[in-house]
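**Student:** The residues making up each chain are set out below.
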Amino acid sequence: MSTRDLTITVPVLARVEGEGGLDIVVKAGQIEQLALRIFEPPRFFEKFLEGREYHEVPDIVARICGICPVAYQMSAVHAIESIFGVKTTPWIRKMRRLLYCGEWLESHNLHIHLLAAPDFLGYKSATEMAAQYSAELKRGLSLQHLGNAIIRMLGGRSVHPVGVKVGGFYKAPSHEDVRKLIADLRAAIPQAEALVRWTASLGLPDNHQDFVSVALHHSEEYPLNEGDLMSDVGLFIPISEYEQHFREFHVPHSTALHSLLHEKPYLVGPLARVNLNYAQLPLSVRLNVERTAVQFPSNNMFHSIVARAVEVHFALLEALRILEQYELPDRPYVEVTPRAGTGFGCTEAPRGMLWHTWTLDERGQVLATRIVPPTSQNQPRIEEDLKWSLEAMGLDHSDEALRLRAETVIRNYDPCISCATHFLKLNVLREG
Amino acid sequence: MSHTTVNRKPTVAIHKFSSCDGCQLAFLNLGEQLLQVADAVNIVHFVEAGAIQFDTPVDIAFVEGSLSTEEEVERIHAVRQQSQYLVTIGACATAGGIQALKNLHDAHAWTTSVYALPDYISTLSTASPISKAVHVDLELHGCPVNSYQVLSTIRALLFGVTPPLEQDKLCSECKRLGQVCVMVTQQMPCMGPVTRTGCGVICPRQQRDCYSCYGPAETINTHSLSQCLQETGLARDTIARRFALFNNQSPEYVKAIAQLGEST
Ligand code: SF4
Ligand code: SF4
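Respectively, the protein sequence lines represent chains Z and R.
Taking this note's numbering, the leading residue of the first sequence gets 13, the next gets one more, and so forth.
Taking this note's numbering, the leading residue of the second sequence gets 35, the next gets one more, and so forth.
In case anyone wonders, no lab produced these hints; they're calculated from the structure.
Every residue gets a Cβ at the ideal spot worked out from N, C-alpha and C, and that includes glycine.
One or more of the hints may lead you astray.
[Claimed, not checked] Cross-link-like lysine-lysine pairs, in silico, DSSO-like; alpha carbons within 27 Å at most:
hint, chain 1, residue 1, chain 2, residue 2
1, R, K166, R, K203
2, R, K166, R, K289
3, Z, K150, Z, K99
4, Z, K399, Z, K136
5, Z, K106, Z, K192
6, Z, K59, R, K166
7, Z, K136, Z, K150
8, Z, K106, Z, K183
9, Z, K39, Z, K399
10, Z, K136, R, K209
11, R, K209, Z, K59
12, Z, K183, R, K209
13, R, K43, Z, K150
14, Z, K39, Z, K276
15, R, K166, R, K43
16, Z, K276, Z, K399
17, R, K166, Z, K183
18, Z, K183, Z, K99
[Stated by the list, open to error] Some, not all, of what chain Z presents toward chain R, calculated at C-beta under 8 Å:
hint, residue
19, V24
20, L149
21, Q156
22, H172
[As the list claims (entries may be wrong)] Label pairs and their calculated CB-CB ranges:
hint, chain 1, residue 1, chain 2, residue 2, range
23, R, Q293, Z, A143, 44 to 50 Å
24, Z, S410, R, Q87, 52 to 58 Å
25, R, D73, Z, V245, 58 to 64 Å
26, R, Q87, Z, L214, 39 to 45 Å
27, Z, V24, R, S186, 28 to 34 Å
28, Z, S296, R, E265, 32 to 38 Å
29, Z, S410, R, Q67, 37 to 43 Å
30, R, Q67, Z, R198, 31 to 37 Å
The following block holds chain Z by itself, in its conformation from the complex (with noise of 0.2 Å):
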């Protein structure tokens, strides 16, 4: 290995969701300094939620990030129905779950074709990437485009959706809306496996690392918006216990805090997710797998862009089995009465688990709220990754393939910045 001296600086990383960049110095061919920056400005969202009435939240959580809105609405509907002693109907459960296939549709296909996949095919950006790969990325479009339509039916609009309120949904689907939209999603079933196979053959770099993978595990179900959260190396709590075994922190190149699980960095996001609950998935979504060279769990950390299309092809069949079964219901909503007290939240958002704390008093006023984010929990890990990848490349490249690589690691995670520099408090915390 050489030993020169450099110093690998990206302003602005491209094809994130905010505002990143990247230093890297490296002294006697070893990485001395390593920072992931995060300099979005934070905006504060935890105050501005204090004082607010409990229906007002999820209008104003969404607006925490433009690309997973529901993410924020789900894990603060579920902490403040359990403060409430909420009971929700069978049918409100099986809408959330649909309305969150869709997030997950349109977030995920956003990801693989027009951020990541053009780092495996050697283009800047999709739009270069579209004379060769046309098929593929209209493919992608059009996945995205299923997953902005069920939102859309839910919500309103897929950007910041209408319809969730506490106690479920102002408005319920007509059999009309939903009849269209099943043979939409029926149609797409072989794009959604089509796009697996083609995610499996994009000659992904060897990356094989030791990670954790922190998840949500539900015992009957493949986890969205429910569950217990389990780890590979042991953990298995409820999400009232996280913060007895997370802890974060603020580091001074970051608005974004750092997170750790037992003082040692962690993935949550779709690797993770399948890498834990892969026997959960339908059969079809399996034997579909199975056609690929690619195996779960990874510890191959690019098999990320794999586990994203899994996860397409699991929340289309997913959608379409809730939606085969739609009834209307007498209405889609149940009434609330504030009350005062704590409550958690905890989803799997398309990045990874978004976990919710809010403490509401009698009136169902917001006294206090902690939000953490995905983004900031991967951040250690995405540090440590690029750590590894650079060194088990070598360091000898010249500065400009170091510096594709180290952007493509950053991709891979799909960090999205907005969400992870809402804001957060750090009274609450553990001593470190």
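Position chain R with the ligands against the provided structure of chain Z, taking the given hints into account.
**Tutor:** Chain R with the ligands in isolation, oriented as in the chain Z frame:
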């Protein structure tokens, strides 16, 4: 601009400031139409989509997000200089957005009370609309804006015409669509009477009240809406909070909030 487009593809940039990235999705969620847009115009700068040519002059610059750091204030001046048309997209860029709620508070105190290393957080004490710093040619309202708004803006500007501005009240569109009024029939605290059209009446069609993500319409009477809502039993501070949402820096809403804060 039409004469400039005869010999070359028009150029477009999409810039991001403090925001949730939701308005950019008006482009990224276009589906196959995105490929058509990329064919018709040359997108020279759009970080999220992989195009980074910050310094290239463009015909149309779309700007998402509000100004909340020194760096952002400097950057918007550079954007202004190299863009023929500067169009703001969304409530953040047009009215400060949700993060502008900090203007009503002491943001510095917030930062120091909650960040372990406050010196490393550089943020202005306010979040401002883009027009606070530079001239804006056109403002697209909404939190978020939709694809129809951005596409029709591109189309209109390419033909050298000023895009039609939606300024009507949401109420009028409800009536045109034959949508039953949720305020009259269900006593919901709807903001429709003071909200601009453009969303397609999403909320009343979902059987709920509008929370005014599109901001104020022209010639509105916020005072009379506040009174109506008080008559339905809503507290003044609850009503004030409805104005203090995604368009809390719009002058009409600033005034409404102030009036509600005064004691009677
Ligand atoms: S206006 Fe709304 S949707 Fe657009 S960037 Fe701001 S918060 Fe996001
Ligand atoms: S009805 Fe009001 S709150 Fe709903 S989308 Fe339209 S402007 Fe926004």
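**Student:** Now tell me, hint by hint, if it's right for this structure.
**Tutor:** Hint check:
1. K166/R to K203/R: 25 Å, holds
2. K166/R to K289/R: Given that 27 Å is the threshold and the Cα spacing comes to 18 Å, the pair holds.
3. K150/Z to K99/Z: 42 Å, violated
4. K399/Z to K136/Z: 23 Å, holds
5. K106/Z to K192/Z: 18 Å, holds
6. K59/Z to K166/R: Status holds; Cα separation ~24 Å.
7. K136/Z to K150/Z: 18 Å, holds
8. K106/Z to K183/Z: Distance ~14 Å between K106/Z and K183/Z Cα, so the pair holds.
9. K39/Z to K399/Z: Satisfied, since the Cα-Cα distance of roughly 13 Å is no more than 27 Å.
10. K136/Z to K209/R: 48 Å, violated
11. K209/R to K59/Z: Judged against 27 Å, a Cα distance of about 38 Å means the pair is violated.
12. K183/Z to K209/R: Judged against 27 Å, a Cα distance of about 20 Å means the pair holds.
13. K43/R to K150/Z: 23 Å, holds
14. K39/Z to K276/Z: 25 Å, holds
15. K166/R to K43/R: 31 Å, violated
16. K276/Z to K399/Z: Cα-Cα ~15 Å, so holds.
17. K166/R to K183/Z: Violated, because 39 Å separates the two Cα atoms, which is more than 27 Å.
18. K183/Z to K99/Z: Holds - the C-alpha atoms of K99/Z and K183/Z are around 18 Å apart, at most 27 Å.
19. V24: Status holds, d = 6 Å.
20. L149: 7 Å, holds
21. Q156: 7 Å, holds
22. H172: Holds, because the Cβ-Cβ distance from H172/Z to chain R comes to roughly 6 Å (cut-off 8 Å).
23. Q293/R to A143/Z: 44 to 50 Å: 58 Å, violated
24. S410/Z to Q87/R: 52 to 58 Å: 22 Å, violated
25. D73/R to V245/Z: 58 to 64 Å: 50 Å, violated
26. Q87/R to L214/Z: 39 to 45 Å: For Q87/R and L214/Z the Cβ distance comes to about 27 Å; the hint is violated.
27. V24/Z to S186/R: 28 to 34 Å: Roughly 30 Å apart at Cβ, these two residues keep to the hinted range, so it holds.
28. S296/Z to E265/R: 32 to 38 Å: 58 Å, violated
29. S410/Z to Q67/R: 37 to 43 Å: 38 Å, holds
30. Q67/R to R198/Z: 31 to 37 Å: For Q67/R and R198/Z the Cβ distance comes to about 23 Å; the hint is violated.
Going down the numbered hints, you'll see the structure goes against 3, 10, 11, 15, 17, 23, 24, 25, 26, 28, 30, while the others check out.
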